[in-house]
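Peer 1: The chain contents come next:
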Amino acid sequence: MSTTDHSRPGSAGGADEPGQLHGGPDDDYGPEQLAAMDRTELDRLGARYDGVEVLHVEPVAPPGSPLDKRNTRQVTLWFALAALFAVAFVVVYAGSGWFLPSWAWSTGSSTWSALYTPLLGALFGLSMISIGIGLVLYVKKLLPHETAVQDKHDGSHFDRVTTGATLMGGLDSSGLPRRKLLAGTLGLLGLAFGAMLLSLLGGFIKNPNKGNPLGTTPWADGLRLLRDDGTPVRPGDQVAGSLATVFPAVPGGNKAYDGAVMLIRLRPEQLSELRIPAGREDFGYGDYVAYSKVCTHAGCPVSLYEQETSRILCPCHQSQFDVTDGAKPVFGPATRPLPQLPITVDDEGYFVARGDFPEPVGPSFWNMGRLG
Amino acid sequence: MATNTVPGPRVGQPTSLAGKAAFEVDDRLIVAGPLRRTLNKVFPDHWSFLLGEIALYSFIVLLLSGTWLTFFYDASMKEVIYDGTYAPLRGIEMSAAYESTLNISFDVRGGLLIRQMHHWAALLFVASIVVHLLRIFFTGAFRRPRETNWFIGVTLLVLAMLEGFAGYTLPDDLLSGGGLRIFSAVFLSIPVIGTWVYFTVFGGDFPGEVIIGRLYILHVLIIPAILLGLIALHLLILVKQKHTQFPGAGRTEHNVVGNRLFPTFAAKATGLLFIVVGLCAALGGLVQINPIWLLGPYNPAQVTAGSQPDWYIGFVDGGARIFPPWEIVLWGYHIPPVFWGALGLPGLMFGALALYPVLERVLTKDTASHHLLQRPRDVPVRTSLGAMAVTAYVVLWISGGNDLIADKFDLSLNAMIWFGRIGFLVLPPIAYWATYRICIGLERHDREVLEHGIETGVIRRLPSGEFIEVHQPLGPVDAHGHGQLAYGGASVPKKMNQVGGARRAIRGFFKPIEEPAEVQRQAEIEARGLESEQASRELSSSGRPSEGGRPSEGGRPQDPRD
Ligand code: HEM
Ligand code: FES
Chain H
62 MSTTDHSRPG SAGGADEPGQ LHGGPDDDYG PEQLAAMDRT ELDRLGARYD GVEVLHVEPV
122 APPGSPLDKR NTRQVTLWFA LAALFAVAFV VVYAGSGWFL PSWAWSTGSS TWSALYTPLL
182 GALFGLSMIS IGIGLVLYVK KLLPHETAVQ DKHDGSHFDR VTTGATLMGG LDSSGLPRRK
242 LLAGTLGLLG LAFGAMLLSL LGGFIKNPNK GNPLGTTPWA DGLRLLRDDG TPVRPGDQVA
302 GSLATVFPAV PGGNKAYDGA VMLIRLRPEQ LSELRIPAGR EDFGYGDYVA YSKVCTHAGC
362 PVSLYEQETS RILCPCHQSQ FDVTDGAKPV FGPATRPLPQ LPITVDDEGY FVARGDFPEP
422 VGPSFWNMGR LG
Chain A
211 MATNTVPGPR VGQPTSLAGK AAFEVDDRLI VAGPLRRTLN KVFPDHWSFL LGEIALYSFI
271 VLLLSGTWLT FFYDASMKEV IYDGTYAPLR GIEMSAAYES TLNISFDVRG GLLIRQMHHW
331 AALLFVASIV VHLLRIFFTG AFRRPRETNW FIGVTLLVLA MLEGFAGYTL PDDLLSGGGL
391 RIFSAVFLSI PVIGTWVYFT VFGGDFPGEV IIGRLYILHV LIIPAILLGL IALHLLILVK
451 QKHTQFPGAG RTEHNVVGNR LFPTFAAKAT GLLFIVVGLC AALGGLVQIN PIWLLGPYNP
511 AQVTAGSQPD WYIGFVDGGA RIFPPWEIVL WGYHIPPVFW GALGLPGLMF GALALYPVLE
571 RVLTKDTASH HLLQRPRDVP VRTSLGAMAV TAYVVLWISG GNDLIADKFD LSLNAMIWFG
631 RIGFLVLPPI AYWATYRICI GLERHDREVL EHGIETGVIR RLPSGEFIEV HQPLGPVDAH
691 GHGQLAYGGA SVPKKMNQVG GARRAIRGFF KPIEEPAEVQ RQAEIEARGL ESEQASRELS
751 SSGRPSEGGR PSEGGRPQDP RD
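Those protein sequences? They're chains H and A, same order as listed.
The opening position of the first sequence corresponds to residue 62 in this note's numbering, with each subsequent residue numbered one higher.
The opening position of the second sequence corresponds to residue 211 in this note's numbering, with each subsequent residue numbered one higher.
Hints are computed from structural coordinates only; laboratory data are not their basis.
Note that the structure is predicted; figures quoted are calculated from it, not measured.
Don't take each hint at face value.
Unchecked claim - Here are some chain A residues pointing at chain H (derived, C-beta under 10 Å): (1) R246; (2) A491; (3) A511; (4) I532; (5) H544; (6) H681.
A virtual CB, placed ideally from N, CA and C, is assigned to each residue, including glycine.
With the rest of the complex left out, here is chain H:
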């Protein structure tokens, strides 16, 4: 039974008539007419329908001519090279550790493991680049150079007016402009719906003011100053003029970003020019002072200590702090001195803190002056 039997249920019903509204090129060019045209003519005809005119075709070397042969050879050569490089890549990639030496990076690293990645990259890259060059040469030497021009259309007034009419017609039949209460409710619904979605972002929000995390650090009264390896420090462990990084003696203290402290033993010359800010007379211990290691600019660990100038340099944006002058910033973008940790020595003779820093460590923030 033929599928065009329109009496069967599920078929379109009625006669199979093409629609009347959309004509198109099929009306102008029947199959016979098209069959009578050659391929170039058809190509140009289609192009015309797309607003494209081929202006000029510069032919390539005639087939079989010496130039054509040379060009073909050249292009073929690049593709052959590409294939060769690809095969070489597979051989190196898969063969390593099989019939080639292992690529694995061992302690006594072999030449081969050092060569492995560069070799892979070079082979992969050369293969791809050869394909690229082959294609570009193909266009340049084997394809006729065609110059075409295509029309650019401005928007159509007809389209604008008719589309506008359809849109406005739809709005009109919805009656929304008339049914004020319904429209208003829809507007409110939109807002409520948006609020509902937005409120889900609440899951991300963390309160920065609960327990004053930004104003405090793990440091507390009596906590020992430990080196990174966990050993305590006593006066005399360090030579004058040196700096040691120490952490609070709490679990994970050496991983807390705000706990790192520089314990500095001043040289006698530095001691003589030491200016101690008011209220901090007892913060140091003997010739030792301790400052937060967290830069007050953007929080990098300040770490370059230049003894001769008594300056601590932050490598991130080159803020410089003067250790003999309360670690005040003397150059660069930092604005606040490094906070000082009050220290003393416990019964066993090890350095301990006498409390937390008197002010927040690290970069400035909005309400830092108003923390409880």
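Use these hints to put chain A with the ligands onto chain H, whose structure you have.
Peer 2: Frame of chain H, contents of chain A with the ligands only:
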């Protein structure tokens, strides 16, 4: 239908297998029309139009290599003790993220290649977007109707930088952790809501335990999806609006002259795709980048000196470095300088960049649609503004590496900072002035050549004893020997060989095979017998093909769907 009843093959029905298959497909999908329109689309033929494509292709490299990496990377901040192949780090505590990056570099076959390829492609991606943007800017391609694409482009650039930063942070090494720390301070510096933003982003105080996982999902899903969507939109709009083109013979505001997509442009573009992929692969294999095993795992108490972020972040760093230590403190509320240097400055720059088309439209009152590009010299104010912006950017960028420069050239760091501070204010206006002068000079020279002709280098002695240089007029001349060609915005030939008066001298690899002057002289001898080659041009000056009218006057209503 009547033809259905005629036995035997119908006229025009395909006989070949491929033809039959194609008809079968089109019976179902009706794609022949749109496909033909696509194949026939004309693309202008100028190298500067390839810059956007390079961005597109490096994005493809990023998608593919990145997907490969996701199978091996572990975005976890869980502490582990390293026990892998790389001996110097064995026994050291590190995050699982850092460990998995080490494993990709040392224990996954070809992993290092793909990792480095991904990184190089990222650098190329951002670089090609920037160069593409500069070409759009300096040629006026952003003017109406292309403001939307300009705006999408600026968004793409910002997203590409953020995407790069997120990716660069994923290994959780010492360098990227330091960068993240600075990033956190930037959040913290925002007035009023800074601490809330900071706690929300990091899920608590820095560094917390979630940030790497969050950056990961941003890096592999959210930002790429937005990038992909925006690139698709960018290209869709481009196809819809068609390309701009430089002015020239036959090119008008209402056409595009060039190659059809198929086969010429498609083959060239595919060639470029392979070259870009190959370049990324070769760089990824041959040039080491971001050797995280040398840096060690992130540790908030340590820092690497003299290390640099990826190039496109450098200017933010430079801004943070040279901004003076001005902290606003009112009633205990602080606005630190980081806010201005690292957020305000880039915000201002990108804001101005995004709004530039609007600004120019308002200031010049030029609201017309433009499809022909401008030569930078012909719009001296815009070109000089661009030069000024580029100069400011370069000063910031150099300042981002000022410690390296100070170290290399044995300068004082403080001097470099002051160079940045003063240079940022002084150099851009100087660049504006210099560029303006150059533009005017070039413009003047163009007009001169059009009026008086090309300098031939031939000196003649007049009967009066005076020496003059013979000029070759470019077109018809009036009674005073002055050219009558008006400037049309296209490049004006300045040398005889550019008008076909002489061919280019063959340049050898090490030394010239032919001396240019000799070629020139020979050509002049030949030229006496040559008729103007202009006459044989196929295009008339109206821009329409000399024979035949508008192609679209083919008679049928045009399908507007193209
Ligand atoms: C992911 C990044 C980008 C990709 C993949 C991309 C891709 C492209 C491509 C392939 C083209 C056509 C070729 C050309 O005209 O150069 C193009 C055109 C364009 N692009 Fe982009 N682009 C990117 C970023 C940008 C940026 C950053 C801007 C500007 C801020 C921009 C603005 C434009 C404009 C206005 C055009 C149309 C200009 C014309 O027809 O000449 N694009 N883009
Ligand atoms: S973080 Fe120390 S100077 Fe910026």
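Peer 1: Hint by hint, say whether it matches the structure.
Peer 2: Results for each hint:
At its closest, the beta carbon of R246(A) sits 5 Å from a beta carbon of chain H; the interface hint therefore holds under the 10 Å criterion. Nearest Cβ of chain H to the Cβ of A491(A): about 4 Å, under the 10 Å cut. The hint holds. Taking 10 Å as the C-beta cut-off, the interface hint given for A511(A) holds, the closest approach to chain H being about 4 Å. A least Cβ separation of about 8 Å between I532(A) and chain H falls short of the 10 Å threshold, and the interface hint therefore holds.
Interface hint status for H544(A): upheld, as the beta-carbon distance to the closest one in chain H is roughly 4 Å, under 10 Å. With a cut of 10 Å, the hint placing H681(A) at the interface with chain H is violated, because the nearest CB-to-CB distance is about 31 Å.
In summary, the structure is inconsistent with hint 6 from the numbered list given earlier, while agreeing with all the others.
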